Amino acid sequence: MDRDLLRQCLTHHGESLFNTLQCEQTENPDFQAVASDLAKATYERRGAGEGCSLVEQFIARKADILFCPTWRTAVPREDELEDEEPYAIMPPAELFMEVPFEERRAMLYRDLERGDAVVGRINNIREYGFFLTLLCAAGGLRRDIEDLELSALCHIKEIPSTGSHDDPLSYYQIGDLIRGGVKDLDRYQEKITVSLLPASLCPRLAHIKLGVVAREELPKHYSRGLRVANDTRETYERILRGCHGYHNPSVVEYLLGRAGVSDDRPPSLMRGLQSKHFHEEDFATVIRKKQSASWALKCVRSGVDHFKHGRHVEAMNEYNKALEIDTNNVEALVARGALYANKGGMMKAISDFELGLETCPDHRNAKKYLCQTLVERGKQLQEQEKFVTAEGLYRRALSLDDSYPEAQAALRRITDTIQKSIRLREEATAKETEKAKSGKTSAQKLRKILKDEKRMKKKRKRSSSSSSSSSSSSERPSLSPTSTTSSRRRSKKRRRKRGGSERGSQRRRRRSSKRSEEEEEEEEYPAPPNTSASFLYRQGFLGSGAGRGEGGEEGGEEEEEVVVDDRRISQLYSLSAASEDEGSEPRGGDGEGRRGRSFSSHGKGGRRRSGEGRRRSRGRSREEGRSSEEGRGRSREEGRRRSRGRSSEEGRSRGRSREEGRRRSRGRSSEEGRSSEEGRSSEEGRGRSREGPRAPPPSTSTSSSNGQGGVARPPQPAGGGAGKKGLPANLMDIFNKIAKFEKEKGAGPRK
Amino acid sequence: MEDPSSRTAHDGPPGQVARGGSDSETDVTREIKTHFRVCRFIMESGVKLGMRSVPVATACELYHRFFECVSLRVYEPYLVAMSCVYLAGKVEEQHLRTRDIINVSHRYFHNASAPLECDREFWELRDSVVQCELLILRQLDFHVSFRHPHKYLLHYLMSVKALVNRHAWTRTPVAETAWALLRDCYHGVMCIHHAPQHIAIATLYLALNSYGVEMPVGEREWWQVLCEDVTKEDINAVISDLLQLYDMEAKCV
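Going line by line, the protein sequences match chains H and G. Residue numbering for the first sequence follows the numbering used here, beginning at -3 and increasing consecutively. Residue numbering for the second sequence follows the numbering used here, beginning at 7 and increasing consecutively.
The set of hints was computed from the structure by calculation and includes no laboratory data. Being a predicted model, the structure only gives us computed values, none of them experimental. Hints may be right or wrong, so weigh each one.
Label pairs and their in silico Cβ distance ranges [what the hints assert, rightly or not]:
| hint | chain 1 | residue 1 | chain 2 | residue 2 | range |
| --- | --- | --- | --- | --- | --- |
| 1 | G | L85 | H | S399 | 27 to 35 Å |
| 2 | H | S166 | G | R172 | 32 to 40 Å |
| 3 | G | E127 | H | P65 | 25 to 33 Å |
| 4 | G | N171 | H | L193 | 23 to 31 Å |
| 5 | G | A174 | H | S219 | 47 to 55 Å |
| 6 | H | R73 | G | N171 | 14 to 22 Å |
| 7 | H | S166 | G | A174 | 17 to 25 Å |
| 8 | G | D235 | H | E94 | 14 to 22 Å |
| 9 | G | N171 | H | S219 | 37 to 45 Å |
| 10 | G | E74 | H | P199 | 48 to 56 Å |
| 11 | G | E127 | H | E276 | 19 to 27 Å |
| 12 | H | T129 | G | E74 | 51 to 59 Å |
| 13 | G | D253 | H | T66 | 20 to 28 Å |
| 14 | H | T281 | G | E74 | 28 to 36 Å |
Listed below are the simulated DMTMM-like cross-link pairs for lysine to aspartate or glutamate, each with C-alpha atoms no more than 20 Å apart in a straight line [stated by the list, open to error]:
| hint | chain 1 | residue 1 | chain 2 | residue 2 |
| --- | --- | --- | --- | --- |
| 15 | H | K317 | G | E123 |
| 16 | G | K96 | H | D260 |
| 17 | G | K96 | H | E94 |
| 18 | H | K294 | G | E127 |
| 19 | G | K167 | H | E99 |
| 20 | H | K286 | G | E127 |
| 21 | G | K167 | H | E233 |
| 22 | H | K363 | H | D397 |
| 23 | G | K167 | H | D107 |
| 24 | G | K167 | H | E94 |
| 25 | G | K167 | H | E74 |
| 26 | H | K285 | G | D33 |
| 27 | G | K167 | H | D260 |
| 28 | H | K285 | G | E234 |
| 29 | H | K286 | G | D125 |
| 30 | G | K96 | H | E230 |
| 31 | G | K167 | H | E109 |
| 32 | G | K257 | H | E20 |
| 33 | H | K294 | G | E225 |
| 34 | H | K286 | G | E123 |
| 35 | H | K317 | G | D247 |
| 36 | G | K167 | H | E81 |
| 37 | H | K294 | G | D235 |
To give a feel for the contact side, a few chain H residues facing chain G, derived at Cβ under 10 Å [said to hold, decoys possible]:
| hint | residue |
| --- | --- |
| 38 | R3 |
| 39 | R57 |
| 40 | F92 |
Think of the CB as a built atom: it goes at the ideal place given N, C-alpha and C, for glycine as much as any other residue.
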């Protein structure tokens, strides 16, 4: 119990109340705690008038509520809105009450505080400041003080300087109305000091402007008070009715908020209406929600019944009705999704399932149906050659249900397909680059690229079996970050397969996350990012894979085309700014893939590397799509490195090996040089790559290219495996090659 | 404004057979208790439906005015109460759905029950509420908008607050108490027997008195100033009616 409040109350009512309190509140432990303190003082009835025993009895009975510390819930809101009038701002009541002079004076000195705002009229100007006769308070304290003739001093140093060297007091004249902040208040000596500096106001009133004010800016309660003072017929009620704010329809809410009383959990002194007796489940909104869910369920059940009997239209109607009653009802969404899926509206079904899972993530049926629908949709997309999207869908399905066999199988199939397509693309671009070594304009290159892509697509479909066709294009030594879509797609998978390859491109790193997903399925550990030789490995892997996959069928021209394609695209990329090749758009993917392919081609590695390289290049191509500039620069380096390293290891892809051979022989100085190298090496490499992916460690470029070229490309995994073993040695070789290349670059001309 | 004592003249529904002294007392008391309980039902439902104070007051006033002229035997009071709530929501622009009113009422009478199904019972209830609403309108001659003490009370509160030291005001929960007293007024017929300004003044007076807040004294009292025609007797009458309601709570609920 609030002791001070009780004491105040007892002081007002006297001893009799105390006795009554003791009678009524004997069982109340809170009261007993304070009773002893209160008993010490004797209470004289201070309050005027009759002591009403009924009232005392009421107070005594309700004391446990009235004096409970939690009863005081009001949090008053004091915002000063003088311009609008959301409620009737009345003149000070003491004006009506005709409170005597002394009492008003005493009240003012008791209640005025430092930081308040006051309005006064200048009555005297001295050299050290001016004196104000206070008219009213401007900050919310509503008192009738004009006739008290209180004088406040505003010192000259409290006047803000105007900047010029004039005497600031010269701006003020006798009779001006000034609004200032109370800087200091001496209650005993009854001296008030006023300041015009904004810092003198309390934070609550900080928005009030200080200084000279016009008559119109005086507070409303003051101007209305003047009217009352002049006209004795004006009553409170009349003024109240006449105020504009009184007729505000939401005045009750506004004032209630100002007073701080809550209308949501309204206070009451009745025992039965105390807030603790209200249960949340009895409230209207809660019951409504439960009821809506139950009604919707009924509709869903009838809808399912319709569905089972084949009445799809009625079933859909029932489901829609259920969702109208209760939006986001999980059962209705799942049932409707199943109906959509049955009828072939996959996207709608998926969106319904997803919505249902948002509300209830553990719904078994929703998850199951969603998996199935995703796989179905993925298959549809696969037929439309939207491999990347389809892959995404399969992944989503697997993320929902790890053990869903169909999704796993589908994902594996599609990763293969993507890899193949990427490899094909890379080969094509490699060939392209070879062909169009120098002096080709971008337009010509582009035209060629487009042609090649079409061709590659056809070839890809044909050679879908060649899994190990590392994207020959990726082996293009061109530094430009070109990669075909397929290579990009493949590079995604490749990234995973690369595992451990040190393709250190950022793109790769970025894609490594994607790759790692793939790798779960591909059973290769992810390639460590940011190793220069990763491109070499990837390229080598890709080269072996792609070359192997497609070399037999497609022969040299393809490689060349692929290489050339790659080159051209990489050049394109180098020409254009970073073009984000998002999505599964083949062209963009081509660019990426080509880039990736070039990287992978650079990254000479073993079989393993070829696999990884493919993935890497795919991943890289993806990354390249994202930041072609970075990729370009990196691809350049990597290409270089790769070419060097590759010379030892490559041989997978025809084009790549060609490139590599060229690179090896010449070292990589520039794209053009490289392309020319590629062109040359592709020829050599083709032969070499046919020899087999198991190339001897890179000792000389020629030897390695020889080794690589011409060898029938073993299946990719094998190549990948071999590559893995060869990795450490290759790394060292690659670094050596890099050093050599740097020297060469400095010295040798571009070929 | 009616004299509070005139309330006792409402001995029972007009036209009812006069009973023996004690019987009519019991009848009257029983009726008063029924009305008290029904008003308690209205107040509780108001809280659960999220109604503001003024619409709840309107609902109670509609109910009291309706039963001023009709017999409790003829009309089911709880149904009338539900319709009063619905009508009050419309009058005071805080529209409520019949579905929510039915849900809350059903749960009030059948504690912890499942929500009603969308079946015949639900629709019949809904029809009843809507029909009764029309009945109430006709009984009250379509005079359904009232002046409530709430607006007066809040303005008086602002004026009185200005007279008191701000720190003393924040220490003393006068606003909550006055508001609670005003809301509790509506359990009984007193709300229609006194003028809204008088009720406002009386509740504020009682709240200030309960905490022993000292008000400045001038030529006139603060309550005289705020409302010209109120007298101390009026204030006392209102307060005594209100206190009787609190006593009745102990007997009824």
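Verification of the supplied hints:
| no. | hint | result |
| --- | --- | --- |
| 1 | L85(G) <-> S399(H): 27 to 35 Å | 59 Å, violated |
| 2 | S166(H) <-> R172(G): 32 to 40 Å | 38 Å, holds |
| 3 | E127(G) <-> P65(H): 25 to 33 Å | 47 Å, violated |
| 4 | N171(G) <-> L193(H): 23 to 31 Å | 27 Å, holds |
| 5 | A174(G) <-> S219(H): 47 to 55 Å | 28 Å, violated |
| 6 | R73(H) <-> N171(G): 14 to 22 Å | 19 Å, holds |
| 7 | S166(H) <-> A174(G): 17 to 25 Å | 44 Å, violated |
| 8 | D235(G) <-> E94(H): 14 to 22 Å | 18 Å, holds |
| 9 | N171(G) <-> S219(H): 37 to 45 Å | 25 Å, violated |
| 10 | E74(G) <-> P199(H): 48 to 56 Å | 54 Å, holds |
| 11 | E127(G) <-> E276(H): 19 to 27 Å | 25 Å, holds |
| 12 | T129(H) <-> E74(G): 51 to 59 Å | 58 Å, holds |
| 13 | D253(G) <-> T66(H): 20 to 28 Å | 25 Å, holds |
| 14 | T281(H) <-> E74(G): 28 to 36 Å | 34 Å, holds |
| 15 | K317(H) <-> E123(G) | 15 Å, holds |
| 16 | K96(G) <-> D260(H) | 19 Å, holds |
| 17 | K96(G) <-> E94(H) | 44 Å, violated |
| 18 | K294(H) <-> E127(G) | 17 Å, holds |
| 19 | K167(G) <-> E99(H) | 17 Å, holds |
| 20 | K286(H) <-> E127(G) | 18 Å, holds |
| 21 | K167(G) <-> E233(H) | 17 Å, holds |
| 22 | K363(H) <-> D397(H) | 7 Å, holds |
| 23 | K167(G) <-> D107(H) | 12 Å, holds |
| 24 | K167(G) <-> E94(H) | 17 Å, holds |
| 25 | K167(G) <-> E74(H) | 12 Å, holds |
| 26 | K285(H) <-> D33(G) | 42 Å, violated |
| 27 | K167(G) <-> D260(H) | 23 Å, violated |
| 28 | K285(H) <-> E234(G) | 50 Å, violated |
| 29 | K286(H) <-> D125(G) | 16 Å, holds |
| 30 | K96(G) <-> E230(H) | 36 Å, violated |
| 31 | K167(G) <-> E109(H) | 16 Å, holds |
| 32 | K257(G) <-> E20(H) | 17 Å, holds |
| 33 | K294(H) <-> E225(G) | 72 Å, violated |
| 34 | K286(H) <-> E123(G) | 11 Å, holds |
| 35 | K317(H) <-> D247(G) | 53 Å, violated |
| 36 | K167(G) <-> E81(H) | 18 Å, holds |
| 37 | K294(H) <-> D235(G) | 62 Å, violated |
| 38 | R3 | 9 Å, holds |
| 39 | R57 | 7 Å, holds |
| 40 | F92 | 4 Å, holds |
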